[in-house]
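For reference, the chains in residue letters:
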Amino acid sequence: MSEIEIGQREIARKAAQKPAALGTDIDLSRYATEAEKHPYVDDPAKLSPEEKKHMLKAGVVLDDLSRRSGTFIQKDQTPVHFSAQQEGVEVMSISEAFKTHEWLPQYWWNAVKVDADKYTAHLELHETDGYFIRALPGVKTALPVQACLYLGHKNLTQRVHNIVIAEEGSELHIITGCTTHPMSAGLHLGVSEFYIKRGAKISFTMIHNWAPEVEVRPRSGAIVEEDGVFLNNYVSMKPVRTMQMYPTVRCVGAGARVRFSSVLVAPPGSYMDIGSRAILDAERSRAEIISRAITTGGTLIARGDIQGNKPEVKGHLECRGLILGETGVIHAIPELVGRVAGIDLSHEAAVGKIAEEEVEYLMARGLARDQATAMIVRGFLKVDIEGLPPELEAEIKRAIAESEKDLF
Amino acid sequence: MLKIENLAVEVGGKEILHDVNLHIGPGETQALFGPNGSGKTTLLMAIMGFPKYRITRGRIIFKGQDITRTPLNERARMGIGMSFQRPPIVRGVRTRDLVVAAAGGRFDDRAIDNMARRLNVMDLMDRDVNLGFSGGEIKRSELMQLLVQGPDLVLLDEPESGVDLVNMALIGQMTNELLQKDLHRTRTRSGLIITHTGHILDYVHAGKGYVMIDGRVISDGESMEILKCIKEKGFEECRTCRR
Chain L
20 MSEIEIGQRE
30 IARKAAQKPA
40 ALGTDIDLSR
50 YATEAEKHPY
60 VDDPAKLSPE
70 EKKHMLKAGV
80 VLDDLSRRSG
90 TFIQKDQTPV
100 HFSAQQEGVE
110 VMSISEAFKT
120 HEWLPQYWWN
130 AVKVDADKYT
140 AHLELHETDG
150 YFIRALPGVK
160 TALPVQACLY
170 LGHKNLTQRV
180 HNIVIAEEGS
190 ELHIITGCTT
200 HPMSAGLHLG
210 VSEFYIKRGA
220 KISFTMIHNW
230 APEVEVRPRS
240 GAIVEEDGVF
250 LNNYVSMKPV
260 RTMQMYPTVR
270 CVGAGARVRF
280 SSVLVAPPGS
290 YMDIGSRAIL
300 DAERSRAEII
310 SRAITTGGTL
320 IARGDIQGNK
330 PEVKGHLECR
340 GLILGETGVI
350 HAIPELVGRV
360 AGIDLSHEAA
370 VGKIAEEEVE
380 YLMARGLARD
390 QATAMIVRGF
400 LKVDIEGLPP
410 ELEAEIKRAI
420 AESEKDLF
Chain Z
29 MLKIENLAVE
39 VGGKEILHDV
49 NLHIGPGETQ
59 ALFGPNGSGK
69 TTLLMAIMGF
79 PKYRITRGRI
89 IFKGQDITRT
99 PLNERARMGI
109 GMSFQRPPIV
119 RGVRTRDLVV
129 AAAGGRFDDR
139 AIDNMARRLN
149 VMDLMDRDVN
159 LGFSGGEIKR
169 SELMQLLVQG
179 PDLVLLDEPE
189 SGVDLVNMAL
199 IGQMTNELLQ
209 KDLHRTRTRS
219 GLIITHTGHI
229 LDYVHAGKGY
239 VMIDGRVISD
249 GESMEILKCI
259 KEKGFEECRT
269 CRR
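Which chain is which? The protein sequence lines are L and Z, in order. Here our numbering is used: the first residue of the first sequence is 20, the next is one more, and so on. Here our numbering is used: the first residue of the second sequence is 29, the next is one more, and so on.
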């Protein structure tokens, strides 16, 4: 173990009891730390049909790997499959990556702080695997790399620590499906660190498909260098007991760009506190945060934060919330911080129910009330997603359509 | 086609229309004149069946059936269609999706595209409904929806407002098509057109016309005669326009 690693462990130890800044506090002792190890499978098509079904719902295709440029699957604490289908793309478990790349420690706890809260500390203090995805300089993936995190063991704290690197001028599209058996209970702790080098681009699409008794605390950070692009798409439409996350992207190179698009639904019994933060630390860097939030009875806190720290940065935040049904709360908290002159930051937020005027307008064309409502809600959930391969765009649309039927 | 008897309509607890009577036969198009705020749009909204426009007295008979209490979308399905003066923006819903829904399977994609080309709305079809549409674009989009809906009774709320001269001819031509003006004895579709300026009547022939002031129909007669009279004497003097 290197000195750096020992140092991090020490810092983590001090933060082991540190509550998170946001979200209900979780008693980690309520959940099991370890689960049985799972065997490695060369062909993920051989996973159980039940597991494959849930993974597919989260956008993970296992029967035809040629539709992806790489695949990673972790069940509970064990990576059970990883493979790359394209030259110049590396997909492996973090434990494998540490053996392969001696330089990896410099990316470890660099975009996310080890002592951010007790959850990050917990990951450092316990043996944690996860995925490592990297595109070599100039390599562009035609098809997305897929990663699946599956929580199967009852009442487990699933630990994941991921590193994603897009080297200079490369382009990487990733779809991550996080899912579980619909009846299971558990806690998912996941750290993801993204490094987008000069002129590189990452699109990261995460589809959450949790269950009513699952708690989720992802901790994500990204560092975007000069002219790099990070597109973060997030879809969560299934029930979850509590979920809190606030992914933070730092633009450190001139002209770096980040865009967050989120589609969030809080069904009854769900408590979701979800934000997106962009820190514009370099000239001409840009951020856009767009979210669509619906409650059908749950509580949804939709946060957004753009910080402009250098001249000529630009940021826009748009949060729209829809309350369907009689109960449910949407709390939109858009924040802008400007620290220098010559910046351009703006936000718009709107929360309400479906406009009766719009429903009646469609009804005047012969649509029944529920048809008109469905059409408006579908329209509401349609966020413009740029820069994705058609396959991924279709995947997002499918994930949204799949969950839409539960809304009415 | 449409018979309105002693109709009174309330909006927000206030009576706007008082004892309105109107009769439109099959194949007939009629015009409704009146100053701003006289209740013309209220009458169209009440015929269409918007719940906010509460009918407190009288009856609406459509194709022989009493529809006074019939819900909005059922009236649409029975064959009443309306073009709105200021329709709402529906974000995220493409105009094409609404057109297809309004067509209800009566036209296939090719027929819809053909119609859209003729109405010059092709570039609106993939945009959100009414979002950022100009006055003229709204009129053409409304007309497009009505054409696929194919209603037997067409209610038009100021189809000419905000439309330039070139597009006026197009809207006139397509409105005639909507109202089957090329057919004569076999024409079944009827229309009721609200107009401020009367420009639409240069293109679309209307028989009878009414003048509405303060929620009452104060006179009726030949549309062009009434229009001439309004232009000469103004609305207030129109009581004398009655023939």
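Warning: the hint list may mix true and false statements.
DSSO-like, lysine-lysine: derived pairs with alpha carbons at most 30 angstroms apart [said to hold, decoys possible]:
(1) K372(L) x K91(Z)
(2) K31(Z) x K91(Z)
(3) K372(L) x K42(Z)
(4) K401(L) x K333(L)
(5) K76(L) x K333(L)
(6) K159(L) x K401(L)
If you are wondering where the hints come from, they were derived from the structure by calculation, not from laboratory data. Note that the structure is predicted; figures quoted are calculated from it, not measured.
- Decide if the proposed pair is consistent with the structure: K31(Z) and K91(Z), CA atoms, cutoff 30 angstroms inclusive. 9 angstroms, holds
- Message: Tell me if the straight-line CA distance from K401(L) to K333(L) falls inside 30 angstroms.
- Response: Given that 30 angstroms is the threshold and the Cα spacing comes to 24 angstroms, the pair holds.
- Task: Could you grab the alpha-carbon distance between K76(L) and K333(L) and see if it respects the 30 angstroms cut-off?
- Result: 36 angstroms, violated
- Query: Does K91(Z) lie within 30 angstroms of K372(L) when you go C-alpha to C-alpha?
  - Reply: 36 angstroms, violated
- Item | 30 angstroms limit on alpha-carbon distance, applied to hinted pair K159(L) and K401(L) | 27 angstroms, holds
- Item | Given pair status - K42(Z), K372(L), alpha carbons within 30 angstroms | 26 angstroms, holds
Checked against the numbered hints listed earlier, the structure breaks hints 1 and 5; every other hint is satisfied.
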